[in-house]
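Work from the hints to combine the two standalone chains into their complex.
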Amino acid sequence: MKQYEYLPHTADVKFRAYGKTLEEAFANAATAMFNVMVETKEVKPKVTKTIAAEGTDKESLLQSFLEQFIILLDTDNFFLSKLKNIKINREGKKYSLTAVAAGDEAKNYETVGPQVKACTYNSMLVKQEGKQWIVQVVVDI
Amino acid sequence: MAMELKKISEYEWEIPKHGGMRVPARIFASEKLVQKIQQDRTLMQAANVAHLKGIQKYSYVMPDAHEGYGFPIGGVAAFDTNEGIISPGGIGYDVNCITGDSFVLTELGFHKPIKDFEQDFSTDASQSSSLLLKRFAALPILSYNHQMKSLETDLPLFFMKKTAPQQVYELITEAGFTIRATLEHPFLTRAGMLSLGELKPGNSVSVYPFFGTAYADPSPRIIVDETSIVSQECIVQLKKRGLLPLRENSAALPYLTKILGYLFGDGIVYFSAKKGQIHVYGEKKDLELMQGDLEKIGYTASIYERTPDHKITDQYGTKSFTSTNYELHVSSTSLAKLFVALGMPLGKKASTGYSIPAWVKTAPQWIKRLFLAGLFGAELTTPKTHTKTGFYSPVFGQNKTASVLEAGRSFMVDIMQLLDDLGVKTNKLAQRKEFRNKQGETYRLRLILSADEDNLLTLYRTIGFEYNGKRAALANIAVLYILKKQALTAQRTAIAHMVKELKQKQLRPSEIKKLLISRIANERFIERCLYENTPSRITLNFISFNEFVRACQTDLQHTGVLFDTIASVTPAGVEQVYDFTIQKNHNFLANGMVVSNCGVRLVRTDWTPDDIKPKLKQLLDTLFAEVPSGVGRGGLTRLSDAEMNEILAKGSRWSLEQGYGTKDDLAATEEYGYMKQADPQFVSHTAIARGKPQLGTLGAGNHFLEIQAVDAVYDEKTAAAFGITGKGQVTVMVHCGSRGLGHQVASDYIREMEKKYGFADLPDRELINAPFNSELGQKYFKAMCAGMNYAFANRQMIVHWIRDSFKKVMGTDHGMKQVYDVCHNIGKIEKHKVDGELKELCVHRKGATRSFGPGREEVNEVYRDVGQPVFIPGTMGTASYVLVGTNEAEERSWGSTAHGAGREMSRAEAIHRFRGEAVAKELEQRGILVKAASWKGIAEEHVPAYKDVDEVCRVSNEAKLGKLVARLTPLGVVKG
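Going down the list, the protein sequences come from chains A and B. Each residue of the first sequence is one higher than the one before, counting from 1 in our numbering. Each residue of the second sequence is one higher than the one before, counting from 1001 in our numbering.
Everything labelled a hint here was simulated from the structure, so no lab data went into it. Glycine residues also receive a C-beta, built at the ideal position from the N, C-alpha and C atoms. Careful: at least some of the hints might be erroneous.
[Claimed, not checked] Derived contacts from chain A toward chain B, CB cut-off under 8 Å, selection only: (1) K2; (2) G19; (3) K20; (4) E24; (5) E54; (6) I71; (7) T75.
[As the list claims (entries may be wrong)] Taking lysine-lysine and the DSS-like style, the derived pairs with C-alpha atoms no more than 25 Å apart in a straight line are: (8) A:K41 to B:K1240; (9) A:K20 to B:K1240; (10) A:K82 to B:K1239.
Chain B on its own, in the form it takes in the complex (with noise of 0.2 Å):
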């Protein structure tokens, strides 16, 4: 969930210092941006980091920043070399906390109290005096899209509980939502996210209506076995998808039952040619969702658009009309016998007789809910009113044929026992005749449940409705209106009680009034109270519903949540509390211990498209097979230990030693080419290992090796100095890293830095450091110096690779001159001003690229006059930046802008939605060719799956922390 954000400049934000934050953390990003940041953790992570000791002035964000694990991806913080640390990926989670009894609404719609969710997560948990923490995805919960707009489910991925009781307070809103928290717990209000304590009476804060059942235990008896699907095709079908036998504690269970109670509603099934069909009728959106969760047990359904003419025929007469409806097939023998096994009739129901299925009379509460709120989804009518604010009787209605009416009415009989298992109580069953059509006499059931305000309450509280989501947004309003009616009804009895009590005291009415006239309660109330019986009922001038609903869709359309007002913020004793860090989808090194050195090197040529075109094909055939790539494709090389020490301790430079590469490739290399500080004996033999048969590859996953155009320049004097001469120039670009070498490193350390400092201290096992000035901290930082080299050398010798290949094809390398090789991901002993005076600190890029501007010593020499090079790819089919260092970003960011576009898909949602060869067919059409070693990784790297190039690109020139240079248009790209 997001923070508190305070806005500084069009470009710039910052979370305030709070809570144990040792500065506060400033964020570059655009107002569209922003939004994609705060949907996931980046915002807490950054608040974070800002908590680690030794960090100077401000925890940065970078515009692509998206979720890591500990620092966010994007995040660049400086920590004094003398008092701070160095970590392998950052540090620590932020703990807010309500109390224990606080319940948690499931995706399925049962609640549980958050406490009784320990049990769901893994048993051995990090444990420190003050905070347990336990990690495993439990069951999916509702949580909150900023960006949507919408709530969602989502996944808890740590529970944490403070071990010490904490002072909790308790907020009470008009409607009487309670809940306690500590002071620090954000709640979502109308001005964003805010923390208990910043909280007043008045305020608003969010609130959702509908509640669930309690949760019990699903049992693991059989409710489908072979024995009632019988065909050995369909056997092996639901065998395949883990639904046979269907037991109630299935996973899919659940699924199966809110759509078997909408089908009931709004669904047939029936078989022709001896093939199953399933046809369901609704709403796009709802129909979206019965879609997803057929697709979690492992079925495809598709959805129609229809526009049909109808013609119907009723007792008033012939109406014809034209409408847009929508249904939803699946056209599957083995699910259509499965649902007719689970109680599903057959065919045309008004005609058919059935009841309720036995298993669901006698499954828990939760389950018998999620049948009704899929009926209801279907069949229920919608909260309305009749009056200002009374509302009508909700009815279920279905026809019936004067054959099936017995049957008909026995249905209805169980569903008023289901009914009333939950809490509901029905009026009437009621029954008309209808008018005859084509299957006969038909007859209208109707039951009639209680429009008690208080009945309502518990049925659209407890059961609501599923694949309905008008209804159910309606339903909740609809629980808010009663709620805030009730409350104020509640508080004008109470005034009727007090007139009667000062009555009784003798007090005169002039004084009574003059005690009690408020906005609640006006003269004419009192003087009822005073001179007449009348129970207090709701005053005249209590908003409509229909104003209501109008006023709360206003909310919705903006928010997508409901908001209530704050009654009353008080301290509420001392309490253990628990929190739960939710999992959301945008991380896309998910791994924060890995820094893995990757790095962008751009080599410019003095061709154009024209001359690559035709023997584009070829050329990223040729580089294919010189620069090996992909899973399990060792490269060119075998190295023994004494090459791979010198490969540590010099970089790039023994790779020219080899004859890889050119001295003007070193002069035109970050550092040069080399870590000096590096030291290969801290490195371990498994890391050398890894590293010996990777040198001189590509890798897999989001690196590659792309043949691009110049096609804009935005400031022509910088481009020349850095080799770019104009538009439909050609450019070739390495995005890599170190490898397995680099993981390697950084597991390493985690194991020693684990054994040394234990993790007892930490929220989580993987969130290690170790003091920079330490033993352990500077092995660390000279493996990693090892690491950054290893990657250089790796980069360098691809480099000449491109140039061999390039000659291969073209005939010539000429004019083939690397522009710069720059890193990000890592950390680096940089000078720096703080409070005017310059100090050694240690600086982590993490997902982050140095900009330094002109006149900066680090800035290799052919650039010091003009800043240093900075690469921003894109991705596949996107353009990719050339900008430029400025001094600007030394006062702002330690120097530092953007290193990327940013996940904003995750990869396994990417592979679902796009499938590798039409990707690259796509591409094809737009003239760009794909070469790579899997299928599947294209789809992954695809464009939608990325956060907009251009606008991290256009926001780190505005926040002037990279000034544009050059826009990069790809024309072939080669993938590990």
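With the rest of the complex left out, here is chain A (with noise of 0.2 Å):
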């Protein structure tokens, strides 16, 4: 199964990430936002980093938790390598996740595109499809 692909867009970056859990679609689409800067393959995991994101919806959820990582990348350099113990908990109309990333600083890699400054809401989907979930996600560089 293909983790993620790029669709075509107009000034940003727009993909979708798919998975046999909720949380394996979350994890690729987070590789499939640093893939946007980096060869996420080439990545090195050497440190790691606590995820913890909330939301009250599955849209919005998605949108914390990306934003983590946009923040862990303005403030720490953080390239993601992969993501481990990825945990989605509902409570109602609360949503909460929490993760392990690994990854490396940003300064020992080449950069091949642009810089991600914000996740955004723009076609923004998270849904089931049979037995696969795709979230659909439009991040502004």
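Shown next, in the form of structure tokens:
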């Protein structure tokens, strides 16, 4: 199964990520976002960061989750290698997520594209199709 | 789609107040720029801004405007500070609606009722009492490109459904095209876009006769798997592109089917030294379309032009001639194998027996149609008449050698069967022995389709032609012609009936004639109905097909679409209504929520290009090292929270205190380098954390640092006041903003405003706002001002490092004086005259520069007598301009003008079209050096991706929004 794919978009970057579970789709979305900037396959898992996000629905959870990485990039120059132990909980209308992100400092890698500055709600989609979860995001570059 | 535009003067246009608009919208643009602006949703967005509470006078659009989200980029609006709002992005989507059973034609030649698109869009939608709005791009559908004058495919961005049913009206054209819509729904007419309410019988309205087939979900059945490819290498290649296993519902299958159909007609697949080759013959434009489709499935095709000398020998003799042919070539073993696995015969088709692939025969109708339309694009005769109004039978022909004649016949029978499935009748399968050529005895097989008008309608409306633009256009014209002819015939039949009825009522012939003679039924016709029992036929003076084609082609040339005349517009009850928002290719800052407070700063020097050029490379390298840029490259400073708070409160003043810059710099910075309303306590910890390491960095994307030379001075007196001495003077320009901090401030307040006010009443959750005078509105304003201060401080540090760099390389920074620093992405409190009275307003300038004229107290003292300097940067390789604000602008646009040339091509498209290294090389040949963090960045910002900056500045000058002072051309660029 494809992990993610980029879709045509005008000024920004749009992608879809897939997964057998919502967690897997979210994790692939994070990779897709970093892959805009760097060859994620080359990033080594040297340091780990704890990720926590909250939302009132799946979309705002996804927005908040991806924003955590943008903040990590801006504050700690962090490039993602892989995500571990990603868990999503739901209590009524409150969604929360925890995960451990492994990665490395951005300066150790050649950047391949523009910097992602924000995760938008534009064209955002979180849905289940058959046994597959699909998330779709447009990030501002 | 564009809206109705009223021309006010040469450079001023107006969208009159309509619907919920509180004020009209004013657009400053030339004819040329208006055409570009009309390509996307800029105007609709400007109209939407006019809906906002507290808006004054007009919603303005600057000459370089393009589509944003909510506000257009290049939009200016002022809101009463008591009654009005403040918005992180702008607001409002206009919804014009059509009824749910209206069909929408997709790129792949099938149609769906608009209401069925609902399921293609995301399930969690924002919903309010009046509107359900869903977003997620579904299938590409056809839309009209005003500039290119053609129909093209585009993506629906939003799906909208009014939750309460609306009063709708039914529009019927003479040829019988029918649609039900609300009165506000815009339609394309010869006079531009007009709303249904403005349309009357006799007016023109655009129609698109091709209809396609109904849609059915394709099944997941496998059509090609590994076993039919065998070669491991090809399997890998196909898998890499997601083409293996190939299923009926694979995204690539529709394109493959269309191409396969055409290949069966005018293509050849062969292997030479085990390397697969695909050659296709056709018109250049059509082959380019195929090239685009091949690219969608991951293959690169080349198109070659050939001018061969031909020699054809047939039963009439030998003919020699020269012609220009185009060929598309794909050199790919994996694709060749895939086509063979899909049923494509290998080698010369005339001497090969083959049949229609079984999977096509059992596929849904719309897939069968793609195959046939591709095949017909190559091989079906063009729509043509043999009399004034009667059509020839369409013929599908193929040559076959004697040995494969039977297989050829069975292929024809298969096509007959497919046609039958799609409701198209065939008359006969003709066989003729052809001249003996080098392949031996050949036969010409011809499948002759019924020329019955209804049959032609079905053929051209549901199947039509793919990869054959000329025939597709003619088929559409033929459909319109036949429909018009049938409508007229029906009317005449009705008249004939009436004549007979009136005759039975014992009216005299003279009385009947008096009642019924009209444009479509003359005296002779009435007499024939009275005395003869002839079936009514088309009038002799009905336009011939050839003349009709000529008239239509004039329309197509000028507008790219066909028109029909409106027969009636009548109320049609109350119905559920729907609409789409179609994405267009022109949003530069696609995320409307972002207020990143960016601006431009200009430094003048005493150097000439001759002083600089020998050391240009060294200068750029030094600047690149001194001013950090690119992704994940933190700044040189590590700041404490307390220091950050100071920066947010003090702006450039903080930088000065730290030794970055001079007092003169502050005197020449908008607001003297700091917003006094800023309050750091309203900036979140996260925003501060993002801002800390980025202070003093250029960032990536469209932000840059450029060494330039003055190459024209238009206004010497003002130029002198700005420190610009004349041609050949070197200047340095910086364009950057508040980096991650500004984004985070916007993101935080969007979340807060959502919580407080909800997004239920908004058509889109990003389009959130708060009353300016509310607690939250005030907090946001103060946080945004803090973001501006960060941007001021940032640019101040960069200017300092620019001086340092020049000092290192040139030995001195003497004469390097800041001309000014302007913001072009802000909200500000200003006093303006409204109805003769001075009023306090919150002016939103989103991608627009303030351009106050002489005398305004907000203009820095040093320039108060001349007016505010305005900088309009071009893009890499193009000129930038210095302008000066005017008093007229204060009257006309809340003292605002353009901010930059405005993006015209999508980034993805730019990257695709231009390779970074190649672009840099091209610029170097023109004497412009480029230094960038990423090569991709160079392609993204390449010249053709922007609107013409010269035109934008010329219009700004002519419309008196900002007067031209000087032009600067680039010598060297550092890009993030």
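Quick rundown of the hints versus the structure:
| no. | hint | verdict |
| --- | --- | --- |
| 1 | K2 | holds, 6 Å |
| 2 | G19 | violated, 17 Å |
| 3 | K20 | violated, 17 Å |
| 4 | E24 | violated, 18 Å |
| 5 | E54 | violated, 11 Å |
| 6 | I71 | holds, 6 Å |
| 7 | T75 | holds, 5 Å |
| 8 | A:K41 to B:K1240 | holds, 16 Å |
| 9 | A:K20 to B:K1240 | holds, 20 Å |
| 10 | A:K82 to B:K1239 | holds, 24 Å |
Of the numbered hints listed earlier, those contradicted by the structure are 2, 3, 4, 5.
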